[in-house]
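**Student:** Same order as they appear, the protein sequences are chains A, B, C and D. Mind the numbering: the first sequence is residues 0 to 306 in numbering that gives the first Met the number 0, read in order. Mind the numbering: the second sequence is residues 0 to 306 in numbering that gives the first Met the number 0, read in order. Mind the numbering: the third sequence is residues 0 to 286 in numbering that gives the first Met the number 0, read in order. Mind the numbering: the fourth sequence is residues 0 to 286 in numbering that gives the first Met the number 0, read in order.
Source of the hints: derived by calculation from the structure; they are not laboratory data. Be aware that a few hints might be false.
Distance windows between CB atoms, simulated [as the list claims (entries may be wrong)]:
{"#": "1", "chain 1": "D", "residue 1": "220", "chain 2": "B", "residue 2": "214", "range": "52 to 60 Å"}
{"#": "2", "chain 1": "A", "residue 1": "283", "chain 2": "D", "residue 2": "264", "range": "45 to 53 Å"}
{"#": "3", "chain 1": "D", "residue 1": "250", "chain 2": "B", "residue 2": "87", "range": "39 to 47 Å"}
{"#": "4", "chain 1": "A", "residue 1": "122", "chain 2": "B", "residue 2": "302", "range": "53 to 61 Å"}
Output of the computed footprint for chain B on chain A, the stretches with three or more beta carbons under 8 Å from beta carbons of chain B [as the list claims (entries may be wrong)]:
{"#": "5", "stretch": "10-23"}
{"#": "6", "stretch": "67-77"}
{"#": "7", "stretch": "194-203"}
{"#": "8", "stretch": "227-241"}
Below, simulated DSS-like cross-link-like pairs (lysine-lysine); rule was C-alpha separation at most 27 Å, straight line [stated by the list, open to error]:
{"#": "9", "chain 1": "A", "residue 1": "208", "chain 2": "A", "residue 2": "117"}
{"#": "10", "chain 1": "B", "residue 1": "15", "chain 2": "B", "residue 2": "239"}
{"#": "11", "chain 1": "D", "residue 1": "1", "chain 2": "B", "residue 2": "208"}
{"#": "12", "chain 1": "B", "residue 1": "305", "chain 2": "B", "residue 2": "208"}
{"#": "13", "chain 1": "A", "residue 1": "15", "chain 2": "A", "residue 2": "208"}
{"#": "14", "chain 1": "C", "residue 1": "1", "chain 2": "D", "residue 2": "86"}
{"#": "15", "chain 1": "B", "residue 1": "208", "chain 2": "A", "residue 2": "208"}
{"#": "16", "chain 1": "A", "residue 1": "208", "chain 2": "C", "residue 2": "1"}
{"#": "17", "chain 1": "B", "residue 1": "15", "chain 2": "B", "residue 2": "208"}
{"#": "18", "chain 1": "A", "residue 1": "15", "chain 2": "A", "residue 2": "117"}
{"#": "19", "chain 1": "D", "residue 1": "258", "chain 2": "C", "residue 2": "1"}
{"#": "20", "chain 1": "A", "residue 1": "208", "chain 2": "A", "residue 2": "163"}
{"#": "21", "chain 1": "C", "residue 1": "86", "chain 2": "D", "residue 2": "86"}
{"#": "22", "chain 1": "D", "residue 1": "1", "chain 2": "C", "residue 2": "258"}
{"#": "23", "chain 1": "B", "residue 1": "208", "chain 2": "B", "residue 2": "17"}
{"#": "24", "chain 1": "B", "residue 1": "15", "chain 2": "A", "residue 2": "305"}
{"#": "25", "chain 1": "B", "residue 1": "305", "chain 2": "B", "residue 2": "163"}
{"#": "26", "chain 1": "D", "residue 1": "258", "chain 2": "C", "residue 2": "86"}
{"#": "27", "chain 1": "A", "residue 1": "17", "chain 2": "A", "residue 2": "208"}
{"#": "28", "chain 1": "A", "residue 1": "305", "chain 2": "A", "residue 2": "208"}
{"#": "29", "chain 1": "A", "residue 1": "239", "chain 2": "B", "residue 2": "17"}
{"#": "30", "chain 1": "B", "residue 1": "163", "chain 2": "B", "residue 2": "117"}
{"#": "31", "chain 1": "B", "residue 1": "117", "chain 2": "B", "residue 2": "208"}
{"#": "32", "chain 1": "A", "residue 1": "208", "chain 2": "B", "residue 2": "305"}
Just so we're clear, the structure is a prediction, and the values are computed from it rather than from any experiment. Here a beta-carbon is modelled for each residue, glycine too, at the ideal position from N, C-alpha and C.
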Amino acid sequence: MNSIRPSLAVEVAGLKLKNPVMPASGTFGYGEEYAPYLDLNRLGAIVTKGLSRNPKAGNPTPRIAETTSGMLNAIGLQNVGIDAFIAGKVPYYRGLQTPVIANFFGNTLEEYGEVARKLNDVPEVTAVELNISCPNVKQGGIVFGTEASAASQVVTLVRQALNKPLIVKLTPNVTDITVIARAVEEAGADAISCINTITGMAIDVRTRKPKIANRTGGLSGPAIRPVAVRMTHQVVQAVKIPVIGIGGITCAEDALEFLIVGAKAVQVGTANFIDPQAMLAIIAGLEQFLVAEGLSDINQVIGSLKI
Amino acid sequence: MNSIRPSLAVEVAGLKLKNPVMPASGTFGYGEEYAPYLDLNRLGAIVTKGLSRNPKAGNPTPRIAETTSGMLNAIGLQNVGIDAFIAGKVPYYRGLQTPVIANFFGNTLEEYGEVARKLNDVPEVTAVELNISCPNVKQGGIVFGTEASAASQVVTLVRQALNKPLIVKLTPNVTDITVIARAVEEAGADAISCINTITGMAIDVRTRKPKIANRTGGLSGPAIRPVAVRMTHQVVQAVKIPVIGIGGITCAEDALEFLIVGAKAVQVGTANFIDPQAMLAIIAGLEQFLVAEGLSDINQVIGSLKI
Amino acid sequence: MKNYATIVLANQEISPSIFRMRILAPGFAAAAQPGQFVMLRPALALPTMLRRPFGVFRTGCLPPECDGLPPREYMEILYKVVGQGTKILSELHQGDRIELLGPLGRGFDLGPPGQEKILVGGGIGLVPLFMLGEALVAQGSRVRLLMGGRTRDDILAVTEFERSGVETYVSTDDGSLGEAGFVTKVLERKLSKYPQAEVFACGPTPMLTAVAAICAARQVNLQVSLEAHMACGVGACLGCVVKGAGHSESTPRYLCTCKAGPVFQASDLDWGKATAEAAINCGGGCK
Amino acid sequence: MKNYATIVLANQEISPSIFRMRILAPGFAAAAQPGQFVMLRPALALPTMLRRPFGVFRTGCLPPECDGLPPREYMEILYKVVGQGTKILSELHQGDRIELLGPLGRGFDLGPPGQEKILVGGGIGLVPLFMLGEALVAQGSRVRLLMGGRTRDDILAVTEFERSGVETYVSTDDGSLGEAGFVTKVLERKLSKYPQAEVFACGPTPMLTAVAAICAARQVNLQVSLEAHMACGVGACLGCVVKGAGHSESTPRYLCTCKAGPVFQASDLDWGKATAEAAINCGGGCK
Ligand SMILES: Cc1cc2nc3c(=O)[nH]c(=O)nc-3n(C[C@H](O)[C@H](O)[C@H](O)COP(=O)(O)OP(=O)(O)OC[C@H]3O[C@@H](n4cnc5c(N)ncnc54)[C@H](O)[C@@H]3O)c2cc1C
Ligand SMILES: Cc1cc2nc3c(=O)[nH]c(=O)nc-3n(C[C@H](O)[C@H](O)[C@H](O)COP(=O)(O)OP(=O)(O)OC[C@H]3O[C@@H](n4cnc5c(N)ncnc54)[C@H](O)[C@@H]3O)c2cc1C
Ligand SMILES: Cc1cc2nc3c(=O)[nH]c(=O)nc-3n(C[C@H](O)[C@H](O)[C@H](O)COP(=O)(O)O)c2cc1C
Ligand SMILES: Cc1cc2nc3c(=O)[nH]c(=O)nc-3n(C[C@H](O)[C@H](O)[C@H](O)COP(=O)(O)O)c2cc1C
Ligand code: FES
Ligand code: FES
Chain A
0 MNSIRPSLAV EVAGLKLKNP VMPASGTFGY GEEYAPYLDL NRLGAIVTKG LSRNPKAGNP
60 TPRIAETTSG MLNAIGLQNV GIDAFIAGKV PYYRGLQTPV IANFFGNTLE EYGEVARKLN
120 DVPEVTAVEL NISCPNVKQG GIVFGTEASA ASQVVTLVRQ ALNKPLIVKL TPNVTDITVI
180 ARAVEEAGAD AISCINTITG MAIDVRTRKP KIANRTGGLS GPAIRPVAVR MTHQVVQAVK
240 IPVIGIGGIT CAEDALEFLI VGAKAVQVGT ANFIDPQAML AIIAGLEQFL VAEGLSDINQ
300 VIGSLKI
Chain B
0 MNSIRPSLAV EVAGLKLKNP VMPASGTFGY GEEYAPYLDL NRLGAIVTKG LSRNPKAGNP
60 TPRIAETTSG MLNAIGLQNV GIDAFIAGKV PYYRGLQTPV IANFFGNTLE EYGEVARKLN
120 DVPEVTAVEL NISCPNVKQG GIVFGTEASA ASQVVTLVRQ ALNKPLIVKL TPNVTDITVI
180 ARAVEEAGAD AISCINTITG MAIDVRTRKP KIANRTGGLS GPAIRPVAVR MTHQVVQAVK
240 IPVIGIGGIT CAEDALEFLI VGAKAVQVGT ANFIDPQAML AIIAGLEQFL VAEGLSDINQ
300 VIGSLKI
Chain C
0 MKNYATIVLA NQEISPSIFR MRILAPGFAA AAQPGQFVML RPALALPTML RRPFGVFRTG
60 CLPPECDGLP PREYMEILYK VVGQGTKILS ELHQGDRIEL LGPLGRGFDL GPPGQEKILV
120 GGGIGLVPLF MLGEALVAQG SRVRLLMGGR TRDDILAVTE FERSGVETYV STDDGSLGEA
180 GFVTKVLERK LSKYPQAEVF ACGPTPMLTA VAAICAARQV NLQVSLEAHM ACGVGACLGC
240 VVKGAGHSES TPRYLCTCKA GPVFQASDLD WGKATAEAAI NCGGGCK
Chain D
0 MKNYATIVLA NQEISPSIFR MRILAPGFAA AAQPGQFVML RPALALPTML RRPFGVFRTG
60 CLPPECDGLP PREYMEILYK VVGQGTKILS ELHQGDRIEL LGPLGRGFDL GPPGQEKILV
120 GGGIGLVPLF MLGEALVAQG SRVRLLMGGR TRDDILAVTE FERSGVETYV STDDGSLGEA
180 GFVTKVLERK LSKYPQAEVF ACGPTPMLTA VAAICAARQV NLQVSLEAHM ACGVGACLGC
240 VVKGAGHSES TPRYLCTCKA GPVFQASDLD WGKATAEAAI NCGGGCK
């Protein structure tokens, strides 16, 4: 057996990552919350909670409900707002050796543009992830992310406003995700991440009320993995820019499904709640897989699908 | 406690059903296969495997793969064809006291029309369910079911050809299911059933091949229940015709989620594989729920959502 | 062929990774022909995925004399079976593996030593009060514990509480143990006697709301421990928020129960109708 | 706060539906403050949902003298841990609940009594041959069982087979038990000696394909037992099909393994490349 450790390094949208594993936005707070459980420097990147121009209070409670092998959430994009983020959260990133990707959204085109410009001046933020896919907020993502021309419009605008790598995150709640993927590629996205949550609903049969105050919420977790793998495969086939796979990843084998269909990196969401150290186990598992298969580089696995 | 047994009877598209529980097409064969395990007369109805004008061999294997709390299938609509169905399977239905709903599909408009006309002359078939939503067959359902005008066209044609109640089954692989629901209502559907499977994919990480020969398959089972409940809710709000809820139902509580959001009946699919007697347990559980809640009629539960 | 819901009689590893399982199956032999097969599944419900939050009841240490092993520290929870997650927990046996994250959240502020302390606990809400009682007694405070419940079955660990040096007063809605009636009745009485006391409460929302109203009316300081649906427990998911004092549609003020709580100063919370609804409704009684 | 992967020390019902659980947690006490909480989850993987197919190994009956209970019929399976489903099965204990559907499918056709019978089993493929051997011996046939495997660990239940009256011939790929080499080598030898024999085989696809080729060349009748991915086991889902003889793109001929099989006349199957691929690939060796 080879005693040289295999390389997990990948490059996504110009970012050099030490490994392809990062948290999914909204499931890892601003990073600091999980620092007691894992060394943030071991992650490929950190992705922040979704940010907006103004602070957002989010939805009424209950905001979460467990479903079979999944969970619904309607947090409503609660966040401190871009200014408080820069003042209060960014300083913490200074000591880190891991790139920070700021996820953000807007309720109007102007808001998107404004947040993008503010992030330009924050050297601690290496890249941004544009959420055009949040299914929770009525005036929010859903309008942009389910319609190619609207998606194109917001990406074009942010691309012009921004001087950093731009990752665009897609919603799965569409008939044909490749149409949206191509539109955002043409509009200047440097990478695509997919998928965000699938809209779902659960009912408390005794009270006859939705289990989530917002009525519907976004379904995440292992339940959605097959849908996420399928869409990642479709998007990889449809565009030339790199794709980050997201959806129901809990272990190295799950992550490998996305890498094999061609994702250059993956994001881990709900699994962080199940096990705060899940990402470390996934990184270790990827390395073990390479060793077991006699491979020296994770890039030999990426896109290795045989069909 | 009331000693009178509560009533489970419902009416869907003019069909009087003794209870709202029936199998989902393709998960119960032609009915006969499960006769050794349950008395078919205790079901609300029987729904057949999807039928087509000509016999269909279906897809290569492997055709099924388990995923977390779900399964992918790409059977490819294997069926004996409408003539062999009428000659070989229908006679078995003569002794039954349960309505039989024939599910069918076509690859062209003409095929849809032809099968509909043939079913007119089969008194043992009480109603038909039109599958415009199969995600497996390239020339099949997907074309009709994801586009309002195509859906409208096929439903109009079948409505004209058919002299029985017409249930139209929708695919969840769309941006806005209410658009399709309204289109098929206007085209003359007597009821809507939703949802069919969500397209998904799973990879064998060792061989690097899709776990399903067809590459993608339809995701069913408990994993998709929140998506199915959400879409059933949306469709109930969007149309006036009755709706049959389908997706991930394994127990009475699951069935109640669909009934509470307004489905008049439910179909049970993958759960038949997990437990061939699942539908009997669901029917018993619905009755127990009514008793526990002091209700006398399942119609008091249908549409009782509090929002 | 039959559909059996049956039991395993034996399940033994007979060669590396190869097992032989014996299953009770009356009538099977008569039906089985060489070359046939069965479809099997362990009768496990699909289990829950997320972790569940539980208060720390107490901690302890198994001395070596118990079993000759080195001393082993443990922690204890007291929980009620209310749904699938707690059902699965209740079926665990000694030696079964479990994943635990903690201790988490902000606990009680003990306040000045020597002051009168009144603890109010309803049903499973008694859990966090045990370590609190111990700490207050150690601090030199006089501690009265008002234990409430719907029936006697809700009054937990009385002997242990008493042994820890707190005075216990039991009341049940149906009078099956202690005084008949709500625990709030006892609280009113005690507060009339000790108007300077500080109150600590944990229990179902209706009880907490009533306790908060009583304490507010008497201007008595109150800390409450709340429950909320939680996914992460560490402040990352924002699923567990409650409305803080001054919350309104236009100036929403949400606090994380897992991080700012689960113990709050009652005055920091919004005790309006909305909070009572948003908090978990346990059916009015004590779980 | 720490993330513990630990064990349950005790879990007791102390009042109806109320449990007290003790969890090993070194260092917890020093960190825990009154009112804090933990997030818990049993360390169960998400289990499998569908049933799994297993051949009937044998049936039997526990006589009353075993434990004073009335005689109890059982059935047995022999299985190899290959994935999550069989892993979960392997962790079941006596008394655990299990759901069983069966016996299912078409078994072996015993053929004329008195005829020479050769059974070929690779690894876990030996399972369905036990009841077959018994039935053939009872019928008065001479039965030779060729047991193959990669290593000695794959040779299962030899004593039991021998006790049932069949003659056993063991071969392993690595020579760790019996003759070194493939079981097909032994088969060729036996068929040269008994050219009129009927063959029954079960094992990994490469072995079955080789056996089918040998039997076809010698025009010897062969029955094989196949494996396929199954959801229902009763002919309803059509997930388990194999290609029948004469299958082609234009005239596809799919047979349900669960209903038309799992035992097939080899001549009814399509032994082309495609079938070998479609059938489950167990890595060339014997599971
Ligand atoms: C800080 C804190 C401390 C707690 N301490 C205790 C304790 O010491 N003993 C005890 O018996 N219970 C305690 N609870 C409540 C306990 O967490 C729930 O009873 C448990 O999560 C129910 O899980 P389930 O799967 O059995 O119920 P289900 O109703 O099936 O759960 C479905 C979902 O709702 C959530 N949920 C349901 N009820 C509650 C609830 N009351 N609080 C929070 N989430 C809930 C579950 O976590 C799960 O996500 C505490 C809750 C919190 C927040
Ligand atoms: C008729 C029949 C009889 C069988 N008899 C035995 C037996 O006596 N002893 C024994 O050890 N095994 C037997 N098998 C194989 C056994 O069913 C599989 O090893 C088992 O299903 C693997 O489940 P898993 O969850 O551990 O594996 P995973 O690989 O995690 O399973 C994933 C999925 O693939 C399916 N699958 C994987 N391998 C097989 C396989 N070889 N055959 C069918 N489905 C598979 C599983 O059912 C499941 O749906 C038999 C199979 C069939 C069809
Ligand atoms: C509690 C929660 C909050 C989330 N918040 C955001 C968010 O603010 N912005 C965003 O783009 N995605 C958000 N998501 C979606 C996740 O980033 C991810 O796309 C989704 O959960 C699927 O991955 P998973 O199955 O691994 O959780 C959130 C998901 C959860 C569960
Ligand atoms: C093996 C299998 C075969 C199916 N075949 C058909 C079919 O022929 N026609 C059809 O309309 N739906 C078919 N379906 C979809 C089901 O009828 C149902 O809509 C879907 O499985 C969701 O329900 P469930 O989660 O309860 O399984 C099939 C589903 C499965 C699992
Ligand atoms: S439980 Fe996740 S923030 Fe409180
Ligand atoms: S396993 Fe379902 S048809 Fe054979």
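**Student:** Now tell me, hint by hint, if it's right for this structure.
**Tutor:** Hint check:
One distance hint, 52 to 60 Å for the beta-carbon pair residue 220(D) and residue 214(B), is violated here, with the actual separation near 39 Å. Distance hint for residue 283(A) and residue 264(D): a CB-CB separation of about 50 Å, consistent with the stated range 45 to 53 Å. The hinted window of 39 to 47 Å between residue 250(D) and residue 87(B) is violated, with their beta carbons roughly 19 Å apart. Against the hinted window of 53 to 61 Å, the Cβ-Cβ separation of residue 122(A) and residue 302(B) comes to about 56 Å, which satisfies the hint.
Restraint check on the stretch 10-23 of chain A versus chain B: 0 residues with Cβ-Cβ distances below 8 Å, three needed, restraint violated. Closer than 8 Å: that is the beta-carbon criterion, and the stretch 67-77 of chain A has 4 residues meeting it against chain B, so the requirement of 3 holds. Only residues whose C-beta sits within less than 8 Å of a C-beta in chain B count toward coverage, and the stretch 194-203 of chain A has 6 of them, enough to reach three; the restraint holds. Evaluation of the coverage hint for the stretch 227-241 of chain A: fulfilled, as 3 residues show C-beta separations to chain B shorter than 8 Å, against a requirement of three.
The hinted pair formed by residue 208(A) and residue 117(A) fails the criterion: a straight-line CA distance of about 41 Å is larger than 27 Å. Using a Cα cut-off of 27 Å, the hinted pair residue 15(B) and residue 239(B) holds, with the two alpha carbons roughly 18 Å apart. At most 27 Å may separate the alpha-carbon atoms for a hinted pair to count; residue 1(D) and residue 208(B) exceed this at roughly 40 Å. Among the hinted pairs, residue 305(B) with residue 208(B) is inconsistent with the structure: their alpha-carbon atoms are about 46 Å apart, more than 27 Å.
Distance hint between residue 15(A) and residue 208(A) is unfulfilled; the C-alpha atoms sit about 47 Å from each other, more than 27 Å. Note on residue 1(C) and residue 86(D): the hinted pairing holds, with a Cα-Cα distance of about 25 Å set against a maximum of 27 Å. For the hint linking residue 208(B) to residue 208(A), the alpha-carbon distance of about 43 Å lies beyond 27 Å, and the restraint is violated. Of the supplied pair hints, the one linking residue 208(A) and residue 1(C) is violated, its CA atoms being roughly 39 Å apart against a limit of 27 Å.
Among the hinted pairs, residue 15(B) with residue 208(B) is inconsistent with the structure: their alpha-carbon atoms are about 47 Å apart, more than 27 Å. Proximity of residue 15(A) to residue 117(A) is assessed by CA-CA distance (about 23 Å); at most 27 Å being required, the pair is judged to hold. A distance of roughly 15 Å separates the Cα atoms of residue 258(D) and residue 1(C); the hinted pair therefore holds under the 27 Å criterion. Of the pairs offered as hints, the one joining residue 208(A) and residue 163(A) is violated, with about 44 Å between alpha carbons and a cut-off of 27 Å exceeded.
Proximity of residue 86(C) to residue 86(D) is assessed by CA-CA distance (about 22 Å); at most 27 Å being required, the pair is judged to hold. Distance restraint check for residue 1(D) and residue 258(C): the Cα-Cα separation of roughly 15 Å lies within the 27 Å cut-off, and the hinted pair is therefore satisfied. Restraint check for residue 208(B) and residue 17(B): not satisfied, since their Cα atoms lie roughly 46 Å apart, outside the 27 Å limit. At roughly 50 Å between alpha-carbon atoms, residue 15(B) and residue 305(A) are farther apart than 27 Å, so this suggested pair is violated.
For a cut-off of 27 Å, the pair hint linking residue 305(B) to residue 163(B) is broken: about 35 Å separates their Cα positions. Taken as a hint, the residue 258(D) and residue 86(C) pair is broken in the structure, with Cα atoms around 38 Å apart against an allowance of 27 Å. For the proposed pair residue 17(A) and residue 208(A), the alpha carbon gap of about 46 Å is over 27 Å, so the pair is violated. For the hint pairing residue 305(A) with residue 208(A), the CA-to-CA distance comes to about 46 Å; that exceeds 27 Å, so the pair is violated.
Restraint check for residue 239(A) and residue 17(B): not satisfied, since their Cα atoms lie roughly 56 Å apart, outside the 27 Å limit. For the given pair, residue 163(B) sits about 12 Å from residue 117(B) by alpha-carbon distance, which is consistent with the 27 Å threshold. Restraint check for residue 117(B) and residue 208(B): not satisfied, since their Cα atoms lie roughly 41 Å apart, outside the 27 Å limit. Between the alpha carbons of residue 208(A) and residue 305(B) the distance comes to roughly 5 Å, so the proposed pair stays at or under 27 Å and holds.
In the structure shown, a violation is registered for the earlier hints numbered 1, 3, 5, 9, 11, 12, 13, 15, 16, 17, 20, 23, 24, 25, 26, 27, 28, 29 and 31, in ascending order.
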